[in-house]
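S.K.: Chain by chain, the residues:
Protein chains: 2
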Amino acid sequence: MPTYTPPLRDMQFVMHEVLNVADEYKALPAHAEVDVDTINAVLEEGGKFAAEVAFPLNISGDTEGCKLDKTTHEVKTPTGFKDAYAKYVEGGWPALSCDPEYGGQGLPFVVNQCFYEMLNSANQAWTMYPGLSHGAYECLHAHGTDEQKKLYLPKLTSGEWTGTMCLTEPHCGTDLGMLRTKAEPQADGTYKLTGQKIFISAGEHDMAANIVHLVLARLPDAPPGSKGISLFIVPKFHVKADGSVGERNPIYCGGLEHKMGIHGNATCQMILDGAVGTLVGQPHKGLAAMFVMMNAARLGVGNQSLGLTEVAYQNALAYAKDRLQMRSLSGTKAKDKPADPIIVHPDVRKMLLTAKAYAEGGRALACYCALLLDKELNHPDEKVRKDSAELLALLTPIVKAFITDNGWQATMMCQQVFGGHGFIKEWGMEQFVRDARINMIYEGTNTIQSLDLLGRKILGNNGATLKKFGKLVGQLVEEEGVNEKMAEFINPVAMLADQMTKFTTEIGFKGMQNPDEVGAAAVDYLRVAGHLVFGYFFARMAQVALRQIAAGSTDPFYQAKLQTARFYFAKLFPEVQTLMRTARSGSKVLMDTELALA
Amino acid sequence: MPTYTPPLRDMQFVMHEVLNVADEYKALPAHAEVDVDTINAVLEEGGKFAAEVAFPLNISGDTEGCKLDKTTHEVKTPTGFKDAYAKYVEGGWPALSCDPEYGGQGLPFVVNQCFYEMLNSANQAWTMYPGLSHGAYECLHAHGTDEQKKLYLPKLTSGEWTGTMCLTEPHCGTDLGMLRTKAEPQADGTYKLTGQKIFISAGEHDMAANIVHLVLARLPDAPPGSKGISLFIVPKFHVKADGSVGERNPIYCGGLEHKMGIHGNATCQMILDGAVGTLVGQPHKGLAAMFVMMNAARLGVGNQSLGLTEVAYQNALAYAKDRLQMRSLSGTKAKDKPADPIIVHPDVRKMLLTAKAYAEGGRALACYCALLLDKELNHPDEKVRKDSAELLALLTPIVKAFITDNGWQATMMCQQVFGGHGFIKEWGMEQFVRDARINMIYEGTNTIQSLDLLGRKILGNNGATLKKFGKLVGQLVEEEGVNEKMAEFINPVAMLADQMTKFTTEIGFKGMQNPDEVGAAAVDYLRVAGHLVFGYFFARMAQVALRQIAAGSTDPFYQAKLQTARFYFAKLFPEVQTLMRTARSGSKVLMDTELALA
Numbered sequence: 001m002p003t004y005t006p007p008l009r010d011m012q013f014v015m016h017e018v019l020n021v022a023d024e025y026k027a028l029p030a031h032a033e034v035d036v037d038t039i040n041a042v043l044e045e046g047g048k049f050a051a052e053v054a055f056p057l058n059i060s061g062d063t064e065g066c067k068l069d070k071t072t073h074e075v076k077t078p079t080g081f082k083d084a085y086a087k088y089v090e091g092g093w094p095a096l097s098c099d100p101e102y103g104g105q106g107l108p109f110v111v112n113q114c115f116y117e118m119l120n121s122a123n124q125a126w127t128m129y130p131g132l133s134h135g136a137y138e139c140l141h142a143h144g145t146d147e148q149k150k151l152y153l154p155k156l157t158s159g160e161w162t163g164t165m166c167l168t169e170p171h172c173g174t175d176l177g178m179l180r181t182k183a184e185p186q187a188d189g190t191y192k193l194t195g196q197k198i199f200i201s202a203g204e205h206d207m208a209a210n211i212v213h214l215v216l217a218r219l220p221d222a223p224p225g226s227k228g229i230s231l232f233i234v235p236k237f238h239v240k241a242d243g244s245v246g247e248r249n250p251i252y253c254g255g256l257e258h259k260m261g262i263h264g265n266a267t268c269q270m271i272l273d274g275a276v277g278t279l280v281g282q283p284h285k286g287l288a289a290m291f292v293m294m295n296a297a298r299l300g301v302g303n304q305s306l307g308l309t310e311v312a313y314q315n316a317l318a319y320a321k322d323r324l325q326m327r328s329l330s331g332t333k334a335k336d337k338p339a340d341p342i343i344v345h346p347d348v349r350k351m352l353l354t355a356k357a358y359a360e361g362g363r364a365l366a367c368y369c370a371l372l373l374d375k376e377l378n379h380p381d382e383k384v385r386k387d388s389a390e391l392l393a394l395l396t397p398i399v400k401a402f403i404t405d406n407g408w409q410a411t412m413m414c415q416q417v418f419g420g421h422g423f424i425k426e427w428g429m430e431q432f433v434r435d436a437r438i439n440m441i442y443e444g445t446n447t448i449q450s451l452d453l454l455g456r457k458i459l460g461n462n463g464a465t466l467k468k469f470g471k472l473v474g475q476l477v478e479e480e481g482v483n484e485k486m487a488e489f490i491n492p493v494a495m496l497a498d499q500m501t502k503f504t505t506e507i508g509f510k511g512m513q514n515p516d517e518v519g520a521a522a523v524d525y526l527r528v529a530g531h532l533v534f535g536y537f538f539a540r541m542a543q544v545a546l547r548q549i550a551a552g553s554t555d556p557f558y559q560a561k562l563q564t565a566r567f568y569f570a571k572l573f574p575e576v577q578t579l580m581r582t583a584r585s586g587s588k589v590l591m592d593t594e595l596a597l598a
Numbered sequence: 001m002p003t004y005t006p007p008l009r010d011m012q013f014v015m016h017e018v019l020n021v022a023d024e025y026k027a028l029p030a031h032a033e034v035d036v037d038t039i040n041a042v043l044e045e046g047g048k049f050a051a052e053v054a055f056p057l058n059i060s061g062d063t064e065g066c067k068l069d070k071t072t073h074e075v076k077t078p079t080g081f082k083d084a085y086a087k088y089v090e091g092g093w094p095a096l097s098c099d100p101e102y103g104g105q106g107l108p109f110v111v112n113q114c115f116y117e118m119l120n121s122a123n124q125a126w127t128m129y130p131g132l133s134h135g136a137y138e139c140l141h142a143h144g145t146d147e148q149k150k151l152y153l154p155k156l157t158s159g160e161w162t163g164t165m166c167l168t169e170p171h172c173g174t175d176l177g178m179l180r181t182k183a184e185p186q187a188d189g190t191y192k193l194t195g196q197k198i199f200i201s202a203g204e205h206d207m208a209a210n211i212v213h214l215v216l217a218r219l220p221d222a223p224p225g226s227k228g229i230s231l232f233i234v235p236k237f238h239v240k241a242d243g244s245v246g247e248r249n250p251i252y253c254g255g256l257e258h259k260m261g262i263h264g265n266a267t268c269q270m271i272l273d274g275a276v277g278t279l280v281g282q283p284h285k286g287l288a289a290m291f292v293m294m295n296a297a298r299l300g301v302g303n304q305s306l307g308l309t310e311v312a313y314q315n316a317l318a319y320a321k322d323r324l325q326m327r328s329l330s331g332t333k334a335k336d337k338p339a340d341p342i343i344v345h346p347d348v349r350k351m352l353l354t355a356k357a358y359a360e361g362g363r364a365l366a367c368y369c370a371l372l373l374d375k376e377l378n379h380p381d382e383k384v385r386k387d388s389a390e391l392l393a394l395l396t397p398i399v400k401a402f403i404t405d406n407g408w409q410a411t412m413m414c415q416q417v418f419g420g421h422g423f424i425k426e427w428g429m430e431q432f433v434r435d436a437r438i439n440m441i442y443e444g445t446n447t448i449q450s451l452d453l454l455g456r457k458i459l460g461n462n463g464a465t466l467k468k469f470g471k472l473v474g475q476l477v478e479e480e481g482v483n484e485k486m487a488e489f490i491n492p493v494a495m496l497a498d499q500m501t502k503f504t505t506e507i508g509f510k511g512m513q514n515p516d517e518v519g520a521a522a523v524d525y526l527r528v529a530g531h532l533v534f535g536y537f538f539a540r541m542a543q544v545a546l547r548q549i550a551a552g553s554t555d556p557f558y559q560a561k562l563q564t565a566r567f568y569f570a571k572l573f574p575e576v577q578t579l580m581r582t583a584r585s586g587s588k589v590l591m592d593t594e595l596a597l598a
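Chains A and B are the protein sequences, given in the same order.
According to full-length UniProt numbering, the stretch in the first sequence is residues 1 to 598, in order.
According to full-length UniProt numbering, the stretch in the second sequence is residues 1 to 598, in order.
If you are wondering where the hints come from, they were derived from the structure by calculation, not from laboratory data.
Yeah, the Cβ is synthetic: ideal placement off N, Cα and C, and Gly gets one too.
Treat the hints loosely; a few may be bogus.
[What the hints assert, rightly or not] On the chain B side, residues computed to face chain A include the following (Cβ under 7 Å):
# : residue
1 : M326
2 : K350
3 : K425
4 : T554
5 : P556
6 : R581
[Said to hold, decoys possible] Okay, derived cross-link-like pairs now, DSSO-like style, lysine-lysine, Cα gap no bigger than 27 Å in a straight line:
#  : chain 1 : residue 1 : chain 2 : residue 2
7  : B       : K467      : B       : K383
8  : B       : K321      : A       : K588
9  : B       : K285      : A       : K337
10 : B       : K321      : A       : K333
11 : A       : K192      : A       : K70
12 : B       : K182      : A       : K337
13 : B       : K337      : A       : K588
14 : A       : K510      : B       : K333
15 : B       : K425      : A       : K70
16 : B       : K425      : A       : K425
17 : B       : K337      : A       : K227
18 : B       : K182      : A       : K335
19 : A       : K383      : A       : K471
Modelling step: build the complete structure from the supplied sequences, incorporating the hints.
M.R.: Next comes the structure, spelled out in structure tokens:
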């Protein structure tokens with residue numbers, strides 16, 4: 001059976017030593033009082049919840065899965081899920097980063113980010129129930145009417161109710177412009193929605209008193225395509241004016257999907273049979289409103305794979321130290337044992353270090369993004385808000401795609417460390433791989449993320465935002481360029497940052513003549529950008545470690561950070577070479593393949 | 001639901017146009033009569049069996065799995081598996097490449113290779129039941145006594161009985177030297193075996209009248225380690241002198257594993273409770289005898305992933321042509337439809353072409369290896385037999401590890417083409433990924449394969465065998481070096497072949513000073529070698545295609561081959577750049593990580 005220990009020290013390192021979040025928060029009126037001790041204390045408790053309540057239900061939830069009663073349309077979640085959710089609500093966890101106006105605790109998103117990393121390590125399938133609520137909360141917080149906010153936000157904040165996002169239909173996933181669900185205006189200002197949605201995570205369950213569905217649909221006068229989509233709140237039970245729950249609304253689960261992973265989460269086909277909803281935001285502008293939720297969800301998905309990478313790493317490390325098999329190639333290491341622990345073998349270490357580096361790089365990036373979100377929402381200076389929003393928009397597809405692709409690699413390698421035992425369910429490793437698989441697909445496939453990054457976020461403004469990130473790299477070079485000890489960490493990043501400019505311009509130029517060039521290069525480009533960002537954070541982490549060591553610290557933690565950074569630059573970062581080459585090889589070899597793909 | 005069409009034309013291309021197997025067989029007395037028409041006719045029938053009998057049971061077998069009756073120790077395979085096996089036996093398929101002396105059809109291994117590729121595409125889990133018999137057959141054919149051959153080979157040839165290999169124990173997988181199962185000599189010359197084996201594929205089932213277990217165990221006077229292991233035949237039912245089945249032998253299934261994939265195959269814990277067996281080969285030399293079976297199994301495992309790559313590709317291609325979503329970046333392609341089929345998107349094509357290239361490269365390599373095996377066993381010239389054996393030994397770990405790593409990538413990408421639907425069981429794509437996962441683990445993990453390749457097969461004889469493969473590349477360069485049309489296919493391979501010499505020498509030199517350098521480089525090295533081999537075969541396939549086109553052929557098949565080869569060299573082959581760099585970055589960043597991996 002797998003184990004999980006919350007990586008609190010690593011989180012504290014990123015938050016307090018690398019990003020200095022408490023200092024940053026002094027400039028944010030909403031969080032000026034938040035100090036290091038508070039953050040650490042909250043996360044210590046949060047870690048206990050994750051490890052002690054959510055984690056023990058991970059394998060059992062996968063084995064048992066969800067069950068739909070086809071008569072009542074009610075879904076029974078796996079044994080223990082409902083109780084765990086009750087404890088989650090009781091502990092006040094849903095309110096962590098919510099607005100105090102609606103009962104929230106008003107803590108910064110960085111805290112929520114770390115808390116959710118731990119929940120995802122513990123139990124991705126369970127975590128999706130409260131996780132989706134959070135996106136619904138943010139969407140309504142940004143776009144709801146005062147009345148909608150008053151009715152829904154307190155219950156989403158307390159966790160009494162959960163939320164969903166209902167976008168996909170059988171014939172349209174990525175291409176939401178094709179969606180068909182209809183919303184008919186009623187005399188009382190509400191709408192009656194009719195249609196079918198699929199792949200609705202946490203669409204129906206037994207954990208909360210009500211479920212707040214955010215549904216995309218078309219008004220009768222909607223223009224075709226994505227400009228004719230509106231957003232509606234459609235609660236499972238009607239909500240009375242006093243906030244109490246009324247009659248059942250005809251939005252129900254018509255079927256549960258049988259999936260490769262996340263078995264503990266109910267992935268529902270939802271039938272809307274004249275379900276009553278209210279409009280969120282402007283008619284036909286639903287997609288823009290939903291994007292608040294989608295962006296939150298994309299960061300959340302990256303965080304899912306970060307969590308899986310960490311827990312898979314912890315278990316593979318423990319196994320590699322424990323499992324005795326063969327002798328080290330360079331001579332017996334454990335003379336008193338019948339064989340050496342497999343951690344002596346270079347390739348076993350490579351697999352472990354790959355997962356470790358991906359977890360640490362991902363954590364730094366994800367925490368940085370959460371800090372950007374805090375600044376976007378709460379910084380008094382408009383320019384800082386705008387810059388933070390822009391940088392966050394740039395980094396969001398990288399968080400989503402790079403961390404989830406890495407998570408797939410990492411969980412697979414951690415499984416591989418177990419040899420044949422990795423294939424057996426009881427060890428828990430194969431579940432991490434199966435759960436990690438969905439993260440590359442949902443909330444926009446990783447190909448879609450790469451097009452968002454290269455096409456919209458980078459070429460869309462002629463590389464201006466990328467230059468802003470480049471400035472951060474430049475700043476680090478300026479600070480540490482003469483520090484010989486930093487050279488091994490800074491040189492590769494600085495060189496890549498230089499190459500990126502030309503690389504981006506080249507693709508942009510080719511893309512103007514033929515847009516398929518952008519589509520052909522995008523996936524490789526995103527991985528290069530991912531390494532630029534990871535490389536930057538590994539250099540910053542090394543900077544902190546070197547400073548601590550120079551200041552006399554003998555804490556092995558800092559030497560460990562340098563070892564991981566060295567591994568990263570030697571074994572993982574160099575893939576940018578091939579990626580830039582394959583990206584440059586263009587679209588022709590893909591598109592001139594009519595006969596090969598006949 | 002997925003579909004499968006046997007890729008007969010592609011197989012014929014490799015066998016008859018690239019490898020000219022029928023010409024090669026003219027030099028082999030055992031196969032001198034085998035002609036193109038016979039091979040094609042057999043494979044056409046074999047394809048029907050795969051597509052019509054084995055394939056329809058693939059998803060149902062996965063869903064249903066195997067069931068153990070704990071009282072009788074009998075295993076019930078999924079519905080339909082037993083009937084399909086009966087048809088397989090009835091059709092004479094087990095005998096395809098078996099020795100006519102024992103009732104075999106005596107066809108070359110190339111035919112069996114292609115037949116098994118199709119079976120693996122159709123149903124890997126089912127195919128493992130007859131597949132393991134084949135390894136047992138080969139092992140006994142090479143090392144059994146005349147009496148053992150007479151008793152067992154006819155029944156394995158007819159398929160009345162199946163075989164297994166019983167190696168792994170709970171505490172030892174890779175490190176067979178640690179195994180503990182005991183064999184006590186009896187007065188009648190037999191042995192009583194006691195111990196526990198795990199991960200025994202097809203270890204117990206309801207498909208055959210008897211199961212022939214090949215079991216590794218220790219004699220009482222065995223020296224410790226791998227030099228004290230002997231090999232035994234331990235049948236499920238005793239075999240009487242007349243070949244009929246007698247009493248139950250106490251070797252039974254104590255439990256079935258719950259696995260990530262290949263649910264239709266019974267992965268058994270086997271208890272030997274004084275089970276009676278007979279010795280195969282010399283005492284304490286069991287590992288060498290078992291290696292005949294292991295080498296066959298390693299080629300077989302590569303073939304499993306080749307099959308999965310092909311079937312995943314076929315289904316992803318069909319879906320990509322059918323699924324309408326978004327418009328092409330370079331302008332609407334299907335004006336009459338609400339969206340373009342997703343095959344218009346460059347990255348969708350990249351995923352499809354990756355799978356296609358891996359399937360075609362893998363098929364060429366696997367058929368070539370089967371031809372080498374035929375020559376090793378049947379060529380009248382001893383030098384040819386020896387050279388073929390050596391080259392086959394070099395290529396075996398590449399077939400096992402490179403094709404299975406590629407198969408993991410390819411099945412994942414084909415699943416990705418389906419978007420969210422790829423995660424849903426009913427589409428069948430996620431099963432291909434789950435089934436493909438085990439192929440990187442069993443019969444020696446891919447790390448073990450890489451050590452076998454670099455440490456034993458290459459550095460072990462100072463690169464002499466690698467040079468033999470290099471000569472094949474040199475020959476092709478000589479033939480086509482002045483042909484401008486071949487330059488794009490030949491230049492990258494020729495350049496890599498040149499670089500390999502220095503690259504290998506460098507690692508060998510470092511490895512003499514520190515063996516961990518070999519362990520650190522091996523996995524990257526194997527992938528570089530894999531691309532050298534694939535590159536060579538893509539160049540040869542392009543050569544054939546160009547000659548056909550030059551000779552006036554208008555068959556689009558040949559243009560398609562050129563398109564796939566161009567894609568391969570532009571998008572897949574270039575990873576050798578990064579791999580050579582990371583391999584060269586050495587072991588220090590892996591080994592000096594005591595604190596990071598604390």
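S.K.: Give me the numbers of the hints this structure contradicts, sorted from smallest to largest.
M.R.: 4 and 10
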